[in-house]
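Dock chain B against the given chain A, drawing on the hints supplied.
There are 2 protein chains.
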Amino acid sequence: MEKIVRQSMLYDFYGELLTEHQKSVYEEVINNDMSYSEIAKLNNISRQGVFDMIKRCDKKLEEYEEKLKLVDKFLRAKEQVRKIRECAGELKRMNSDEKLNKKIEEIETYSVSILDDF
Amino acid sequence: MEKIVRQSMLYDFYGELLTEHQKSVYEEVINNDMSYSEIAKLNNISRQGVFDMIKRCDKKLEEYEEKLKLVDKFLRAKEQVRKIRECAGELKRMNSDEKLNKKIEEIETYSVSILDDF
Chain A
349 MEKIVRQSML YDFYGELLTE HQKSVYEEVI NNDMSYSEIA KLNNISRQGV
399 FDMIKRCDKK LEEYEEKLKL VDKFLRAKEQ VRKIRECAGE LKRMNSDEKL
449 NKKIEEIETY SVSILDDF
Chain B
349 MEKIVRQSML YDFYGELLTE HQKSVYEEVI NNDMSYSEIA KLNNISRQGV
399 FDMIKRCDKK LEEYEEKLKL VDKFLRAKEQ VRKIRECAGE LKRMNSDEKL
449 NKKIEEIETY SVSILDDF
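Listed in order, the protein sequences are those of chains A and B. For any residue, its number in this note's numbering is found by taking its place in the first sequence, counting from 1, and adding 348. For any residue, its number in this note's numbering is found by taking its place in the second sequence, counting from 1, and adding 348.
This is chain A alone, in the form it adopts within the complex (with noise of 0.2 Å):
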């Protein structure tokens, strides 16, 4: 997984463990793309302040992955998800009833509303 996808999920998923402070730097980085210069100079830190700042974020974000691995745990429910909506796709293509049909579609949307409230 590149570093920025997997900083980005461990963010959404403990990011509310991070001070304020933290949050407003470490978003500036995974959802604006800005330099640690251009971050620096927005919060009138050092280059260098901002790179540590960084460091301490990804650490504590792993760490609390490491004891929850919910990152871990919601990749594997998008994976059973994937597999549901294989299902109800080949149920679809095997049956013309549109009855059936309505029910299997239901189907997906809560599977897919399982990933959405995540």
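The set of hints was computed from the structure by calculation and includes no laboratory data. Mixed in with the good hints, there may be bad ones.
Here are the simulated lysine-lysine pairs, DSS-like style, with alpha carbons at most 30 Å apart [as the list claims (entries may be wrong)]:
hint : chain 1 : residue 1 : chain 2 : residue 2
1    : A       : K371      : B       : K415
2    : B       : K451      : A       : K371
3    : B       : K371      : A       : K415
4    : A       : K415      : B       : K421
What follows is chain B alone, placed relative to chain A:
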């Protein structure tokens, strides 16, 4: 939700964020349903000490829930899985095609494993 059920769920999700000592005492409460006096004797601490520790753990776990909302998310996922299984049951009653029903059962299996992975 009964207090002990809530404590169990919170512990399932955030228990790893407690210290080893807190974990072992908290587990004695939720798993063995032991009284504070029994736990106090077993751990060679006062009954008040146990009481305070449990209260501190409850607070810590609730603070994590407030930020990460995992129990809440899990309960919502459980509800979606319940709906998927309900639809799957209806689909099976709506037809008698063995191939279709096998595929529907696959969906049931995947949906249940989402909760197991949580």
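Self-check item: Hint numbers contradicted by this structure
Solution: Checked against the structure, the only hint that fails is number 2, while the rest are satisfied.
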